[in-house]
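Novice: In the order they appear, the protein sequences are chains A and B.
Using our numbering, read the first sequence as starting at 217 and increasing by one per residue.
Using our numbering, read the second sequence as starting at 21 and increasing by one per residue.
Think of the hints as simulated: they come from the structure by calculation, not from any bench.
Remember, predicted model here, so these are calculated numbers, not experimental data.
Beta carbons: idealized from backbone N, C-alpha and C, even for Gly.
One thing to keep in mind: the hints can contain errors.
[Stated by the list, open to error] Derived EDC-like pairs: lysine to aspartate or glutamate, alpha-carbon spacing no greater than 16 Å straight-line: (1) A:LYS775 <-> A:GLU788; (2) B:LYS22 <-> A:ASP499; (3) B:LYS22 <-> A:GLU361; (4) A:LYS735 <-> A:GLU783; (5) B:LYS22 <-> A:GLU345; (6) B:LYS22 <-> A:ASP346; (7) A:LYS489 <-> A:ASP425; (8) B:LYS22 <-> B:GLU36; (9) A:LYS387 <-> A:GLU518; (10) A:LYS319 <-> A:GLU345; (11) A:LYS387 <-> A:ASP561; (12) A:LYS489 <-> A:ASP249.
[Stated by the list, open to error] Facing chain A, from chain B, some residues (calculated, C-beta under 7 Å): (13) LYS22; (14) VAL70; (15) ILE168; (16) GLN175; (17) ILE177; (18) ARG209; (19) ARG210; (20) ILE284; (21) ALA286; (22) SER287; (23) TYR290.
Each chain, letter by letter, is given below.
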Amino acid sequence: MTTRYFGQRIKRNEDPVLLSGRALFTDDVHLPDMLHVAFVRSDHAHGRIVSIDVEAAREREGVVAVYTAADLGDYWQPGPLLVPPPPIEGIVFNARTQVPLAKDKVRHVGEPIAMVVAESRYIAEDAVEDIFVEIEPLPAVVDMEKALEPDAPLIHEDLDSNLAAHVVQTKGDYEKAKAEADVVIRRRFYYNHGIAAAMENRGMVAHWDAKTQHLTMWDTTQAPIAIRNGLAAMLGLSTSQVRVIAPFIGGGFGPKIMMFYPEEVLIPWAAMKLNRPVKWIEDRRENFFATTHERDQIHWAEIALTKEGRILGVKDTFLHDTGAYDPYGLTVPINSQCTLLGCYDVPNYYSEFKAVFTNKTLVTPYRGAGRQHGVFVMERLLDIAARELGLDRNEIRRRNFIPPDKFPYNNEIIYQDFVPLVYDSGNYEPALNKALELIGYEQFVKEEQPRLRAEGKHVGIGVVAYVEGTGIGPYEGARVQIESNGMVNVATGIGTQGQGHFTSFAQVVADQLGVDVRKIRMVTGDTAEFHWGTGTFASRGAVVAGNAIHAAAAAVRQKILKLASQELEVAEEDLELGDGKVWVRGVPDTAIDLGTLAVKANPLRGAVKPGTEPGLEATAYFGPERGATANGVHAMIVEVDPETATVQIKRYVTVHDCGRVINPLILDGQIHGGIAQGIGNAFYERIIYDDNGQLLTASFMDYLIPTAMEVPPIEIDHVETPSPLNPLGTKGAGEAGAIPTGALFAQAIEDALAEYNLEIREIPLSPNRLFELIQEAKAKKGGA
Amino acid sequence: MKPAPFKYHAPTTVDEVVGLLAEHGYDAKILAGGQSLIPTMNFRLAQPAVLIDINAVSELAYIKSNGDGGLRVGALARHAEAEHSRLVAEVAPLVHATMPLIAHPQIRNRGTLCGSLAHADPASELPAVLVALQGRVRASRQGGSRWIAAEEFFQGIFTTALEPDELLAEAAFPPLPSRSGWAIQEVARRHGDFALAGAVAVVQVDEGGTCTAARLVFFGVGEGPVLARQAGAALVGAEPTEQRIADAAALAANNDVPTPHEDIHASSAYRRHLVEVLGRRALSQAFARATAEER
Ligand SMILES: Cc1cc2nc3c(=O)[nH]c(=O)nc-3n(C[C@H](O)[C@H](O)[C@H](O)COP(=O)(O)OP(=O)(O)OC[C@H]3O[C@@H](n4cnc5c(N)ncnc54)[C@H](O)[C@@H]3O)c2cc1C
């Protein structure tokens, strides 16, 4: 092999089209006679629909149709349960899924009630103002704790409470461990994880071709195949009559894998009914109400330790807000439950949660997907324990890291992929050591910090560790095919939302086939090209699709060798591949280029041997037995101005282990983006509902995502502990950056404000909240 | 997020503008940089029937020095021009220093100084700067124009003394006398956000270092720029020691500034606290400038 791309920091194949504005996004699809949609959405969090008057809207010039639930007939159905509950003993799960248009009741602000189809979006929005919906308001269920009180109003009246789920998972015997402990620490924690706020909102364009009886839909989904299968079933079509294309997408982050959004059900239906192409592009305001959130949990957590700081056990009970419906099952709270244990050898664990319905937007995974919440609780418990025991924060972590010889490590609880949570591999201490070295921990703590403190500066350092369950099943597939011109086509079912698939996947193929990485044409997320698979989520693209592509490319390599050995009359072992050619080792004159070979593999006349498959093409699938566990350490130095309660990040260091790295440049980018979102989550972004269930943060004036000015340069290093669960040895990396940042902020700010003895038990923070915490600490100090 | 229907006019002279204002008055809005108006129209919070776009009125596009050594800024002068203007840096260093605090470069490329004044957002920097410097604005209507002093111009949240048929044609920022100093301080959630609270100080000292004038103005904490008269008065006639400055800032926070409002980003208590901290920091910096240099 002449080149090896795996592990190379090469630039992305897709960037020229993306950066020059030539890539196709859903809103770039313009079709003749296309209609535009706007929705009437509920202004009330909870209420009974008394009447809907659409007459004036129907009469407005340029309006083609107005639909309410009544107009949908049998097509009106609650959405599918996307993720059924995992097989956990004693689990309670009440599935209540979203509906296309609210019928009798509205259950959150922004729930769609009526759909206007018009000649332009402007007219559609004018017509929305013509529609009068009378709603009899019901008391809104906003507070998670109050939602479960016996007299709480019921969101789903066929249930006898607002309980969506109740799950208990245990390992060992926590109570016994507690009885033997020297120290037990118990605290209440609050974590709110906000919204994805992808740069591109959701959108879809549906085109029904009545002559060919074929439906095409461009959709900003992370799961085009599942959307196609579902749409075909709902619309009474065969899957071969439906093509779903997920073109370039300006960020997915999880909410775009939720399905079916009401709009995804309605837009293709309207296109068929009206026999005209129909487009709906979500605007930013709608995005805040109508695209799923992740939001908050309240934890009551307890850790039992020996006086040396060894963890004997952890107990955690928490409430999880699932919003008005729960089509995505329990992925988020199960992730919190399973990620809480982190990098640590915890012999006894009791974890119980209740998911509750509230009159708020639905909660589904968003980058990190509940892992943040768990990591925050565990890292905070360790920090508090270290203080209590007079131990260094890094030392307490070291003493509890799972040692490298204990892998695979069984946590004995069920993970989101329905199988026991077993860490495949890991080596945690080197990551910690590297991070400490990179940020200059010793020097900072011993010299710099005392010096700066003497100058009156409030500087602090934080160091936290985490794991990330990644690369879960069930499976993905891919097809690799060499064209007669030597180009290589690769198709896989997962969609792409900026992860660099066109490059990292191409690298895997290029290595197998010995071709230039730029000669590989990737297609992702188009059901006409590949129609088996599940989607891009849970940091699984590089692991699951990556290994499927690797297997397909390896199979094509075998076909090349076989055919070339016949053509050149030598044994396969004597052949070499490179530069898009195959030749007899040591005899470069014999080289045949792969395009020529592809032509030979597809004879137009004559006979072939029985069993011959045409072309240099192969399809392969990969499904891991379970997920691969990545890990990392983040460290940060901050300066706090205690007078204004503002925080400045001085340095940010990440050491990351996601097994073997395909492209470090792309990996760094993934981590940068994750950290930016983590910083937003920790200090800027917060979803706020008032007591009536009104969303107060429904624009970027109020929901503050960090800009380039708030995100510091990030220093990254790696440890590589390959996963034994897949041939490439990869683990996922998509969510890593975002996971530990909240815990890191809390620790670093406490350190910077050491004189006030703060204990931060909540995320997000803000200058206002920090001001309050400082005031409380001052009052305590003054009072004591 | 599409605006409601409206009629659009793009006049090229001030005469045409005031003519259109006379005709449409209450139904019309001037469109300058559009950085505040367009978002409110897209949210349909503002639904003006008529837009009068002044972007083609070239006679309003100027920043020039006034006869008195101060600055005159026409209605089409953009924030970015003031930010990069040597004249502004020399003649009105406070205005110059304020520009980077207003929004982001892209917004400053379109937004206008006069638009900021006419919009009168209580969290906006420029109205406070105009009050601190005792500047004025000129309002034009069909048949004439009038000058309005800053303190009379700002009348409340998004409310000014401008009549519906008047154009804010230009603003005048007077020069700083010798031995004077200035400062602007703010706390915003992110770079470029409207301030949670901010303070502008303009002070003057005599040869002996005694304070002869002090104007401390806050933004983001009231219904418009809040001039702290008691704090200013407490400083005049004495040497501005650290203690006196701190006392004046406390006086401003406790007496001059009415109870600040509360919103999702800041409680009233936090805003009041910031008034004191930022008032003190602005005064200290302004006095340091006043004593340090012979302006
Ligand atoms: C993200 C963002 C952040 C921002 N941050 C800040 C900030 O930190 N500080 C700050 O001060 N501003 C901020 N702004 C507002 C920005 O500075 C605006 O540009 C400015 O407030 C208005 O100027 P404009 O020229 O864009 O006015 P327009 O948006 O065109 O008009 C605003 C209003 O003033 C009226 N108007 C404008 N010019 C005249 C005139 N000559 N005569 C009569 N009426 C007139 C209009 O009719 C309209 O009602 C921000 C804006 C954005 C989008």
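Novice: Hints first: check each against the structure and report whether it holds.
Specialist: For each hint, the structure was consulted:
{"no.": "1", "hint": "A:LYS775 <-> A:GLU788", "result": "10 Å, holds"}
{"no.": "2", "hint": "B:LYS22 <-> A:ASP499", "result": "9 Å, holds"}
{"no.": "3", "hint": "B:LYS22 <-> A:GLU361", "result": "39 Å, violated"}
{"no.": "4", "hint": "A:LYS735 <-> A:GLU783", "result": "24 Å, violated"}
{"no.": "5", "hint": "B:LYS22 <-> A:GLU345", "result": "12 Å, holds"}
{"no.": "6", "hint": "B:LYS22 <-> A:ASP346", "result": "15 Å, holds"}
{"no.": "7", "hint": "A:LYS489 <-> A:ASP425", "result": "11 Å, holds"}
{"no.": "8", "hint": "B:LYS22 <-> B:GLU36", "result": "28 Å, violated"}
{"no.": "9", "hint": "A:LYS387 <-> A:GLU518", "result": "15 Å, holds"}
{"no.": "10", "hint": "A:LYS319 <-> A:GLU345", "result": "20 Å, violated"}
{"no.": "11", "hint": "A:LYS387 <-> A:ASP561", "result": "12 Å, holds"}
{"no.": "12", "hint": "A:LYS489 <-> A:ASP249", "result": "14 Å, holds"}
{"no.": "13", "hint": "LYS22", "result": "5 Å, holds"}
{"no.": "14", "hint": "VAL70", "result": "17 Å, violated"}
{"no.": "15", "hint": "ILE168", "result": "29 Å, violated"}
{"no.": "16", "hint": "GLN175", "result": "24 Å, violated"}
{"no.": "17", "hint": "ILE177", "result": "16 Å, violated"}
{"no.": "18", "hint": "ARG209", "result": "5 Å, holds"}
{"no.": "19", "hint": "ARG210", "result": "6 Å, holds"}
{"no.": "20", "hint": "ILE284", "result": "5 Å, holds"}
{"no.": "21", "hint": "ALA286", "result": "5 Å, holds"}
{"no.": "22", "hint": "SER287", "result": "6 Å, holds"}
{"no.": "23", "hint": "TYR290", "result": "5 Å, holds"}
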